[in-house]
Amino acid sequence: MNSPIRRVSAGCLLLVLALLVNITYIQAFWSDELNARGDNRRVTIAEYARERGPILLADDTPVAVSTEVDGDFQFLREYPEGRLYAPITGYYSYLYQRSAIERAQNEVLSGEDDRMFVRRLIDLVTGEEPKGGAVKLTIDPAAQQAAYDGLGDNKGAVIAIDTRTGAILAMVSKPSYDPNPLASHSPSEQREAWIDIHGDADNDIPPDPDKPADNRAIAQPLPPGSIFKLVTAAAALESGDYEADSVIPGPARYQLPLSERTLPNQSGEACGSNDQTTITNAMRISCNTAFAYLGEELGDDVLRDQAERFGFNSQPLTNEDLRAATSRFPDDPDAPQTVLSAIGQFDVTATPLQMAMVSAAIANDGVLMDPYVIQELRAPDLVSTIEQTEPEELSRAISNDTARQLTEMMVEVVENGTGSNAQISGIPVAGKTGTAQSAPDRPPYAWFTSFAPADEPSVAVAVVIEEAPDTARSDIGGGRLAAPIAKAVMEAVLGV
Amino acid sequence: MSLDQNRLRLDQPSNDDVVVPRRGRGTELILLLFAVGISTFAYVNVDLGALGEVPADAMAYMGSFFAVAIVAHIVIRIRAPYADPVILPIVLTLCGLGLAMIHRLDIADDTSRASIQLTWMLVGLALFVLVLFVIRDHRILARYPYLAGLTGLILLVLPLMPVIGHSIRGAQIWIRIGGMSFQPNEAAKIVLIIAFAGFLVQTRDALALAGRRFIGIDLPRARDLGPILIVWLAALGILTVQNDMGPSVLLFGSFVLMIYIATERISWIILGLMMMVGGAWAAYQFVGQVRPRFDLWLNPFDDPSNQIAQALFGLAYGGTIGTGLGQGYPDMIPIAESDFIGAALGEELGLAGLTAIILLYALLVSRGLRAALVLRDPFGKLLAAGLASGLMLQVFVVLGGVTKLIPMSGLTTPFMALGGSSLVMNWVLIALLIRLSDAARRPAPTEAPSYTDDAVTQVVKLR
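Here the protein sequences line up with chains A and B, keeping their order. In the working numbering, each residue carries its 1-based index in the first sequence increased by 742. In the working numbering, each residue carries its 1-based index in the second sequence increased by 993.
For each label pair, taking beta carbons as the anchor points, the in silico distance ranges come out as:
| hint | chain 1 | residue 1 | chain 2 | residue 2 | range |
| --- | --- | --- | --- | --- | --- |
| 1 | A | T766 | B | N1292 | 17 to 25 Å |
| 2 | B | Q1278 | A | T1068 | 45 to 53 Å |
| 3 | B | I1314 | A | E849 | 16 to 24 Å |
| 4 | A | H927 | B | T1020 | 53 to 61 Å |
| 5 | B | F1279 | A | D1073 | 55 to 63 Å |
| 6 | A | S745 | B | F1279 | 33 to 41 Å |
| 7 | A | R749 | B | T1020 | 23 to 31 Å |
| 8 | A | D895 | B | I1314 | 52 to 60 Å |
| 9 | A | D856 | B | L1123 | 51 to 59 Å |
| 10 | B | L1356 | A | R749 | 15 to 23 Å |
| 11 | B | L1266 | A | T766 | 22 to 30 Å |
| 12 | A | S745 | B | R1284 | 34 to 42 Å |
| 13 | A | S745 | B | F1027 | 32 to 40 Å |
Calculated from the structure, these hints are not laboratory results. The beta carbon of each residue, even a glycine, is placed where N, CA and C say it ideally should be.
Work the whole structure out from these sequences, hints included.
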C-alpha cells in the first residue's frame, strides 16, 4: 500500500501548494487592486482613523484639512472655501469615494504612499499615530479669487497658466458645489448633497442640469470658435508661405469647396478693400473668410499637425492628476469641413486649458510647457519635500519668429480690435476673442484667451462662458463677456 | 572522526545491534514550550494591538496552556512513548493561534467566546487522555467495521431527528440536548474513517482484483460498487437533506482516497471523481445552498458585504506581513470566528503568518502520512492515511473556500475555529494519530508478528 500512500502524499502537497500560491496571489499581487476598490469599507475606515494630509495653495493656505472629531471616524475632512476650490480639491466622501486631487493624490494624502514607507516604519516603532502627507498646489489664491468673482453668475470656466513653467495659477469652474456635506460623517447628509448634484435615478430625481461637479476648465471640450484662428495663423506662418502682413482674400462670403453653401463674416462685410486683407488685420477683426481661405490652402494635415503640437489630441493633466479631457482636431475632415475646422467650428473641440496652452506656447517663444497643478508633495511633517514638480517642455509648438509675429497680431487684437476689453493700463496685453456657434437652439460660447505682459509674458489665461443668464443672447461674445474676466485674472497675477 | 564512525554504525546496523529509534520525548517537550510561548505571545499581542495594554490574565493564560501541554506530554510519555514528537506541539500552536484570534474578535464584538473555547479545549484534552488510555492498540478498532459504519451513519442522521435536531444558518447539522449544542458529524467523520479502514481491510482483495478492463481502466464488479455507492448516496444525502456541502465532500473524498490506497487501483479515483462531478452537478441543480455559493465564488463583488468579498478585502488589507494582531478589521468578515478564521488570521498575520499556518497543517498531515508509510499492519496504514488525508481535505476545502480558490462550503478550520464539537473531536483524531505514530515508530517485536502481515498471503494478479 505504500506506493498509493506516497501518491496521496504528493496529492496533499499539491493541495498545500495550491493554497499557498492562491494566498500569495491575493495578498502580494492582487492586494493593491482590492485595497483600491471603492466598495472596500475596510480601507476607508482605516483611512478615516488616520489624519489625512492637507491640500495647500501656492502660498501654503490650506484648502482641504482634516480636523479631529469624536465618533467612529476620527477625522473630518473640511474645505474652508469649498466652492471656490472644489474643481481642484474634489471631495472626500465615505459613500461616494473621492474625486480630483483627493482621488489622484490619495496615496500621499492618506499616508499610504511607498515613499513614506520609512516614515511609517518609524511611526510603528515610536508608537506615533501615522499621518498623511501634504499636497501643495500651484494655485495662486488671488488669481483664483479674481477668476471666481469675474465669472459671477455665468456658467463657464477660467484657467490661468504660468507661461514659463506650465504651472496652473487658477482653475475655476462655475457653477460649483460645496464638497463639505459630501465629506460629512452623516450618511444622510452625504446622500442629500450627492442627490442635489447627481439626482437619484431610483426615485426619479433628475440631476442638476448645471452639472456643478463637472470641471469645465479642463474636462469639458467645447467648440473653440474664433480663438482657434490662432492655431490656423500659426500653421500658416510655420508653412513658410505666409508672413503676418501677407495679403490674402477676405471677402464678405466665402464659397465652401464642393458645396453650394457660403460662409459669411459676422459683420456681413468684406475684411478689407477689394476683398483683400493681411493676416494681422484678419486676426484683429476676427475675419472668418480670410481664415477659411488659409484653411483651404493649408489643408487638414497641416492644421492637425499644428494643433497637435499645441497639445490637441493628447491628454494633459492625466488620470494621475485631474483627468482632463482631450481636445480634438478631427481625424479626416473633407474639404468644406477643413475650412470650418480652420475657424474652430465643425468637430474641433477644446477645453479652456487647451486654449490657455496655445496662448502660453505663443507667449513662451513657441515652447509649450507641460501644464501641472501640483507644486510639490510633502511628507507628513508638512515640511520635508518628497517630490517637487520640475517644469517640463511638452513640445516646440512654433518657431521663435512665428511666436513673435503671432504676439504682435494678438497685441493688435487687444489694442485696436475685438479684445479691447482686456486692456491693462501700462502693460501690453496679447489676446484673441472667440464666439462659437454650437446648436442653433442655444446661445454661442464666448471665448477669450490672452497673455501678459506681451513683451515679457508670465501669465496666460483662457476664459469660456457657456451661458450668461443676465446677458441678452445677441450680446454674448468673447470680447464683451470673457475679456474682462481674463483681464482681472492677469491683473491679479501681475499684482497691478 | 569518531563521530563519523559512530554515525556510520547507526546508519548501517549490524546484526548484533538492536537499533532503538529516538523516542523524541525531549524534542517534544522543547517544541511544546515554543507552542506555549507562541500562544501566549499571540494572546498578549492581541491586547497590545487592540487595547494598548497587556491583558491582566496573561500569566493565567500561559499557565493553562502550559498545563494542557504538560498533561498531554506526560500522558504520551506513559501511553505512547514512541509517538511522533512534532504532532502535539503543532496542534497546540494551532489551538493557541485560533484562541488568540477568537479573543481578538471578542474584543471587537464585545463577547467572551474565547473562554468557552478554552473550556472546550480542556474537554478535548480529557478525551485525548481517555483515548490514549482506553485504546492501547489501534487494531482493536478494526474489529467491528459494520457496527462502526452504522454508528457513523446514525450520527450523521441525528440532526434530522425531531426535538434534538436543529439548524443554524440553514444547515441542519446540529443536535441540542439540555442546552448543549453539538455537531455529531464531527464525531461521525472519525467513526466513519475507522469503519472505512476496517471494511476495506476485509474486502480489498475483491475490490482490487475482480472486474473487467474497459478502455484501459480496470472497472470493479457491479456488486463491489455497493460500498462506494452507499457512501456516495450518504454524501448526497447530507448535502440535500442537511443542506451542507463540506461534510459530504470530506466524507466522500476521504473514502475514495482510502479505497484507492487499499486497492492500489487508480480506477477508483477516476470513478470517484466522476461520481463527485455527477453529484456536484445534481447538487448545483437541485440543492438550495449550492448554487448561490457557486455564484458567489464566481462573482464575490456583486454584493461587497458578503463573506467572500470581505475575506478577500481582509486578506488584501493584511498584505504580506499583516496588520499585526489586534490592528486589522477581521470583525468585518461575517462569521470570522468560525468558518472564516483563516481569513481573519490572514489579515492580521499577513501572507507570512497564513503561510506558516498552512505549513503547520501540511507538516501535521505529513506526519500522519509518514506513520501510514511506516506502519506494518494494513488497517493501521489505512487508518493513518485516512485520518491524515481527511485532515488535509478539510483544511483545503475550508481555507480554499475562504480564499476563493474553490467555492465555499461549511467546514471548520481544524483546531482554530470556534466550536466545541469540532475542537473536541479533532483532539480525539490527534489522539488516534499519536497512537498510530507510536505504533509505527515502536521497534519491531523480535518474535513473529501476531497480525497477518502483507507479505504472508501474496495475491497473484493473473491479468
